[in-house]
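**Q** Read off the chains here:
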Amino acid sequence: MQTSTSVNTEKKVATIPAQERYMQLEEINMTFVTKKGTFEALKNINLDIKEGEFVSIIGHSGCGKSTVLNLIGGLLEPTSGLLFCAGREIFGPGPERAVVFQNHSLLPWLTCYENVYLAVERVFALKETNEQLKARTNAALELVGLTHATDKRPNEISGGMKQRVGIARALAMEPKVLLLDEPFGALDALTRANLQDELMKIMMKSGCTAVMVTHDVDEAVLLSDRIVMMTNGPAATIGEILDVTLTRPRNRLGLAEDQEYNHLRGEVLRFLYDRHAKKAA
Amino acid sequence: MSAVTLVKDSVNATTQELDVEKIGIANAANDLVIEDSMPTSRKKVKKTQPNYTRKIDSEFVTFLKNIIPPAFGLLVFLGLWSVLTIFQPALPGPVSTFKSAVLVFKHPFYVNSLDDQGIGWNILSSLGRVAMGFGMAALVGIPLGFLIGRYEFFSKMCAPVISLLRPVSPLAWLPLGLLVLKAAAPAAIWVIFISSVWPMLINTAVGVSKVPQDYMNVAKVLNLSEWKIVTKISFPFVLPYMMTGVRLSMGIAWLVIVAAEMLNGGAGIGFWLWDEYNASNYEHIIIAIFVVGIIGLLLEQGLILIAKRYSYE
Ligand SMILES: Nc1ncnc2c1ncn2[C@@H]1O[C@H](COP(=O)(O)OP(=O)(O)O)[C@@H](O)[C@H]1O
Ligand SMILES: [Mg+2]
Numbered sequence: 001m002q003t004s005t006s007v008n009t010e011k012k013v014a015t016i017p018a019q020e021r022y023m024q025l026e027e028i029n030m031t032f033v034t035k036k037g038t039f040e041a042l043k044n045i046n047l048d049i050k051e052g053e054f055v056s057i058i059g060h061s062g063c064g065k066s067t068v069l070n071l072i073g074g075l076l077e078p079t080s081g082l083l084f085c086a087g088r089e090i091f092g093p094g095p096e097r098a099v100v101f102q103n104h105s106l107l108p109w110l111t112c113y114e115n116v117y118l119a120v121e122r123v124f125a126l127k128e129t130n131e132q133l134k135a136r137t138n139a140a141l142e143l144v145g146l147t148h149a150t151d152k153r154p155n156e157i158s159g160g161m162k163q164r165v166g167i168a169r170a171l172a173m174e175p176k177v178l179l180l181d182e183p184f185g186a187l188d189a190l191t192r193a194n195l196q197d198e199l200m201k202i203m204m205k206s207g208c209t210a211v212m213v214t215h216d217v218d219e220a221v222l223l224s225d226r227i228v229m230m231t232n233g234p235a236a237t238i239g240e241i242l243d244v245t246l247t248r249p250r251n252r253l254g255l256a257e258d259q260e261y262n263h264l265r266g267e268v269l270r271f272l273y274d275r276h277a278k279k280a281a
Numbered sequence: 001m002s003a004v005t006l007v008k009d010s011v012n013a014t015t016q017e018l019d020v021e022k023i024g025i026a027n028a029a030n031d032l033v034i035e036d037s038m039p040t041s042r043k044k045v046k047k048t049q050p051n052y053t054r055k056i057d058s059e060f061v062t063f064l065k066n067i068i069p070p071a072f073g074l075l076v077f078l079g080l081w082s083v084l085t086i087f088q089p090a091l092p093g094p095v096s097t098f099k100s101a102v103l104v105f106k107h108p109f110y111v112n113s114l115d116d117q118g119i120g121w122n123i124l125s126s127l128g129r130v131a132m133g134f135g136m137a138a139l140v141g142i143p144l145g146f147l148i149g150r151y152e153f154f155s156k157m158c159a160p161v162i163s164l165l166r167p168v169s170p171l172a173w174l175p176l177g178l179l180v181l182k183a184a185a186p187a188a189i190w191v192i193f194i195s196s197v198w199p200m201l202i203n204t205a206v207g208v209s210k211v212p213q214d215y216m217n218v219a220k221v222l223n224l225s226e227w228k229i230v231t232k233i234s235f236p237f238v239l240p241y242m243m244t245g246v247r248l249s250m251g252i253a254w255l256v257i258v259a260a261e262m263l264n265g266g267a268g269i270g271f272w273l274w275d276e277y278n279a280s281n282y283e284h285i286i287i288a289i290f291v292v293g294i295i296g297l298l299l300e301q302g303l304i305l306i307a308k309r310y311s312y313e
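In order, the protein sequences belong to chains Y and G.
Following the numbering used here, the numbering of the first sequence begins with 1 at its first residue and continues without gaps.
Following the numbering used here, the numbering of the second sequence begins with 1 at its first residue and continues without gaps.
Treat the hints as calculated values from the structure; they're not laboratory data.
It cannot be assumed that every hint is accurate.
[Said to hold, decoys possible] List time: in silico DSS-like cross-link candidates among lysine-lysine, alpha-carbon distance up to 27 Å:
| no. | chain 1 | residue 1 | chain 2 | residue 2 |
| --- | --- | --- | --- | --- |
| 1 | G | Lys-210 | Y | Lys-35 |
| 2 | Y | Lys-279 | Y | Lys-201 |
| 3 | G | Lys-210 | Y | Lys-176 |
| 4 | Y | Lys-134 | Y | Lys-205 |
| 5 | G | Lys-156 | G | Lys-228 |
| 6 | Y | Lys-176 | G | Lys-228 |
| 7 | Y | Lys-127 | G | Lys-228 |
| 8 | G | Lys-156 | G | Lys-210 |
| 9 | Y | Lys-50 | G | Lys-220 |
| 10 | Y | Lys-43 | G | Lys-220 |
| 11 | Y | Lys-36 | G | Lys-228 |
| 12 | G | Lys-228 | Y | Lys-134 |
| 13 | Y | Lys-134 | Y | Lys-152 |
| 14 | G | Lys-156 | G | Lys-65 |
| 15 | Y | Lys-36 | G | Lys-210 |
| 16 | Y | Lys-176 | Y | Lys-201 |
| 17 | G | Lys-308 | G | Lys-65 |
| 18 | Y | Lys-43 | Y | Lys-279 |
| 19 | Y | Lys-127 | Y | Lys-205 |
| 20 | Y | Lys-134 | Y | Lys-176 |
| 21 | Y | Lys-205 | Y | Lys-50 |
| 22 | G | Lys-228 | Y | Lys-35 |
| 23 | Y | Lys-152 | G | Lys-65 |
| 24 | Y | Lys-152 | G | Lys-220 |
| 25 | Y | Lys-152 | G | Lys-210 |
| 26 | Y | Lys-152 | G | Lys-308 |
| 27 | G | Lys-228 | G | Lys-308 |
| 28 | Y | Lys-50 | Y | Lys-134 |
| 29 | Y | Lys-134 | G | Lys-220 |
| 30 | G | Lys-220 | Y | Lys-127 |
| 31 | G | Lys-156 | Y | Lys-35 |
| 32 | Y | Lys-176 | Y | Lys-205 |
The following block holds chain G by itself, in its conformation from the complex:
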């Protein structure tokens, strides 16, 4: 009620806002009416149809429903991209990028010099680096996660260091790597290691700490050895948590590699991207982006498949 004593202007302002809101509500109501009318008309059609046609229909419809939206999305994306190139002629369009990609992938494994190799070699050397850094992160992160999840002392001991180091941006670690390792390639691996170790470590630790008391009681009653507890109870239970961590870590590793290579030089998809930019092969920049995206997608899907294979449910 104190609103009555407000200055007139502000009262006006609020009423205006209210009006706007009302219009918004009216529009929403209209939308609702339209949406509402759709299902009823569909229902009527369905009712008159015998059951078996509906079944056949629905299979076909679900197929279309699964195919059409993604295809449509990609088309919209290509359309927007094309339109953008009209206003920004410097940006290569879909057609010229595709033509250029055909050429690039014609000879993916040529080697002219250390700085001029086919895209296949660049991809492989990036993957190799990721495998090294990520592999080391897994070797360190997963066992450490087990210890942290299993022993409270260890957990409390590691908590401050982890909370301190985890939020640090991946590339902040690069100079340190260069300083200590004195070479670009191991520094890139170091950056991948330090930025992808956290999700595996933390997810594993969370999983271990969540092992149900029931299972631990079984372990106690059966008097299982620590080794049996790990292999028969903790590990199988933690596996899904761990796989989530592995997936997140892999995502980070792949995100980081491009940036690390750009700053570092040598071979690799990130280096290639930067190099092509400097050489004004702008189509290649976009090709590199797609390559990075597609490989990231494949890695993710591969890990999801592995996770499914080892899930006990």
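Extracted from the complex, chain Y is given alone in its bound form:
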């Protein structure tokens, strides 16, 4: 990390990230060192993300989507390459980048309220009174429609509700970037559709930038401004990037017969199942 920084800085300082280049991934390589040897997961990833943009990362399972997200989240450090967010290099996690985990990762011994409060407290405790912190926590839970379940523990609520709490926890931090790792992957189709619609509304309201990992083509097209399609690993990289020009607000019923929507959907499907089909394991 140290050496790669010194090698690359001279080159990159010139390109100061503007609004257009809110987040940058510059020549990212990621090699995992395991007991069995090294594994080259990502190779030469380059990606610029605009402020307020919703970007989906799609690809077959195991290609390295979560790795990309964890790099942005600061949970991993790249083997080489640079990551910037809002003009600053990413070193470790930060409150401006909130993560919604696939398996919700709520702490089972805390109530929904306490789970969200933990995040609120961490970000705002120094600047605000207890009353304000409480208000923030309640507002976040209200935003995801969970006011009635604030005092419930995670094992007392449904999978969809847990994921809502996960989203509330992330949003309560008032992040600049929301990172979502297959946020609805574990939910049934109806609940998923519901939450997707709500996420769209929330993102419109908050206007924050989002990077979402998914393996669901419809989800990617419905929610995104751009879809990043990744090739299969090892040494996975970005295969193609698809612009989704559908106007917002989007309506899943209306889009079902929309030509553009179906064309985009077809594009992603062709990428995944034709050009980069994954051999059955």
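Using the hints, position chain G with the ligands against chain Y.
**A** Below, chain G with the ligands alone, put in the same frame as chain Y:
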């Protein structure tokens, strides 16, 4: 096939064994037949009964099922004990033990001299000693377990010493305690400390090392302080592991106290047991055994209750 070339004798031997096995199998088969016939007959009865009686029946039956086997077990135990006293007249029987217990518990808190106190005082002084030794073990073992589970360096550092000291028999520590502490009572506490510290330490460490990566990722993403990580993530997660350790430790402490007191003298249930043996009050030995057993049981149940109360599931 090489068995064919074996000496005749051994061949005979194997065939004999085989025969025995066959008989065994035949018996088992008979048992199976009998067992098999039982459920079918029950099924037939059940089928003819309407649903609601079955429900009422089953509640009553479950009550009986829960009561009868333990009661029966205790009866068998008392029966065997009585029979044993017929062949071993030196052994006090259930009746004489019970009568003697009534007398012993009539005045549990008398004090004649330092060596002659009521059973209540003896129990209390044993419990006090266990509380001291066990409490110190908890104060040392649990935080140390946290450190070992949290930091790999610490874990590797402590591993050889722990593996070396843990298997040592509790009473092996007694002379060392006497030597250094120069008194019986603190030596007993020392023995309890050193023998009951391990389960708490190890269970806590295992629990801490098992905190799921998901939760640690949450901690990282929320940028929680080390203190918050301990209080909001590690500690709640580790609590069930820790409580198991506490229970095991308490069991050991209570096991050890009797032996330590027997060797040491003073007051305490173990001392009392030994003293009564020397005074030829053999009923009292058995009373002491029951007292130790019952108190151990109560301590265990109490800790199970506490563990349930603090479990998040
Ligand atoms: N910490 C790690 N150590 C070793 N290999 C890893 C690690 N994390 C991920 N990998 C490997 O990197 C590849 C990409 O993983 P991941 O990003 O989780 O894929 P995806 O999210 O697209 O399903 C996989 O082959 C996985 O086995
Ligand atoms: Mg993944």
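**Q** Compare the structure with each hint and give your call.
**A** A quick look at each hint next to the structure:
Only pairs whose Cα atoms come within 27 Å are accepted, and Lys-210 (chain G) paired with Lys-35 (chain Y) is accepted, the gap being roughly 20 Å. The suggested pairing of Lys-279 (chain Y) with Lys-201 (chain Y) is violated, with an alpha-carbon distance near 37 Å, which exceeds 27 Å. About 33 Å separates the Cα atoms of Lys-210 (chain G) and Lys-176 (chain Y), which puts this hinted pair outside 27 Å; it is violated. Taken as a hint, the Lys-134 (chain Y) and Lys-205 (chain Y) pair is honoured in the structure, with Cα atoms around 21 Å apart against an allowance of 27 Å.
The hinted pair formed by Lys-156 (chain G) and Lys-228 (chain G) meets the criterion: a straight-line CA distance of about 25 Å does not exceed 27 Å. With a C-alpha separation of about 24 Å, the suggested pair Lys-176 (chain Y) and Lys-228 (chain G) falls inside the 27 Å cut-off, and the hint holds. Simply put, Lys-127 (chain Y) and Lys-228 (chain G) have alpha-carbon atoms about 18 Å apart, close enough for the 27 Å limit, and the pair holds. Distance hint between Lys-156 (chain G) and Lys-210 (chain G) is fulfilled; the C-alpha atoms sit about 16 Å from each other, no more than 27 Å.
A threshold of 27 Å between alpha carbons decides the hint, and for Lys-50 (chain Y) with Lys-220 (chain G) the separation of about 25 Å falls inside it, so the pair holds. For a cut-off of 27 Å, the pair hint linking Lys-43 (chain Y) to Lys-220 (chain G) stands: about 25 Å separates their Cα positions. Annotation: proposed proximity of Lys-36 (chain Y) to Lys-228 (chain G) is violated, straight-line Cα distance about 35 Å (limit 27 Å). Only pairs whose Cα atoms come within 27 Å are accepted, and Lys-228 (chain G) paired with Lys-134 (chain Y) is accepted, the gap being roughly 18 Å.
Under the criterion of a C-alpha separation no larger than 27 Å, the hint pairing Lys-134 (chain Y) with Lys-152 (chain Y) is consistent with the structure, at around 16 Å. Pair hint Lys-156 (chain G) plus Lys-65 (chain G) does not hold up; C-alpha atoms about 50 Å apart against a cutoff of 27 Å. Our distance criterion of 27 Å between C-alpha atoms is met by Lys-36 (chain Y) and Lys-210 (chain G), whose separation comes to about 23 Å. A hinted pair counts as satisfied when its Cα atoms are at most 27 Å apart, and Lys-176 (chain Y) with Lys-201 (chain Y) qualifies at roughly 16 Å.
Of the supplied pair hints, the one linking Lys-308 (chain G) and Lys-65 (chain G) holds, its CA atoms being roughly 25 Å apart against a limit of 27 Å. Among the hinted pairs, Lys-43 (chain Y) with Lys-279 (chain Y) is consistent with the structure: their alpha-carbon atoms are about 21 Å apart, no more than 27 Å. The straight-line distance between the Cα atoms of Lys-127 (chain Y) and Lys-205 (chain Y) is roughly 24 Å, inside the 27 Å bound, and the hint therefore holds. At roughly 21 Å between alpha-carbon atoms, Lys-134 (chain Y) and Lys-176 (chain Y) fall within 27 Å of each other, so this suggested pair holds.
Our distance criterion of 27 Å between C-alpha atoms is met by Lys-205 (chain Y) and Lys-50 (chain Y), whose separation comes to about 17 Å. Our distance criterion of 27 Å between C-alpha atoms is broken by Lys-228 (chain G) and Lys-35 (chain Y), whose separation comes to about 32 Å. Among the hinted pairs, Lys-152 (chain Y) with Lys-65 (chain G) is inconsistent with the structure: their alpha-carbon atoms are about 37 Å apart, more than 27 Å. Annotation: proposed proximity of Lys-152 (chain Y) to Lys-220 (chain G) holds, straight-line Cα distance about 24 Å (limit 27 Å).
Between Lys-152 (chain Y) and Lys-210 (chain G) the alpha-carbon distance is near 25 Å, which keeps this suggested pair within the 27 Å criterion. This hinted pair checks out: Lys-152 (chain Y) and Lys-308 (chain G) have alpha carbons roughly 19 Å apart, not beyond 27 Å. Restraint check for Lys-228 (chain G) and Lys-308 (chain G): the C-alpha separation of about 24 Å stays at or below 27 Å, so the hint holds. Using a Cα cut-off of 27 Å, the hinted pair Lys-50 (chain Y) and Lys-134 (chain Y) is violated, with the two alpha carbons roughly 32 Å apart.
Note on Lys-134 (chain Y) and Lys-220 (chain G): the hinted pairing holds, with a Cα-Cα distance of about 23 Å set against a maximum of 27 Å. Straight-line distance between C-alpha atoms of Lys-220 (chain G) and Lys-127 (chain Y) comes to about 21 Å, which keeps the hinted pair within the 27 Å bound. The straight-line distance between the Cα atoms of Lys-156 (chain G) and Lys-35 (chain Y) is roughly 19 Å, inside the 27 Å bound, and the hint therefore holds. For the suggested pair Lys-176 (chain Y) and Lys-205 (chain Y), the alpha carbons sit about 13 Å apart, so the restraint of at most 27 Å is met.
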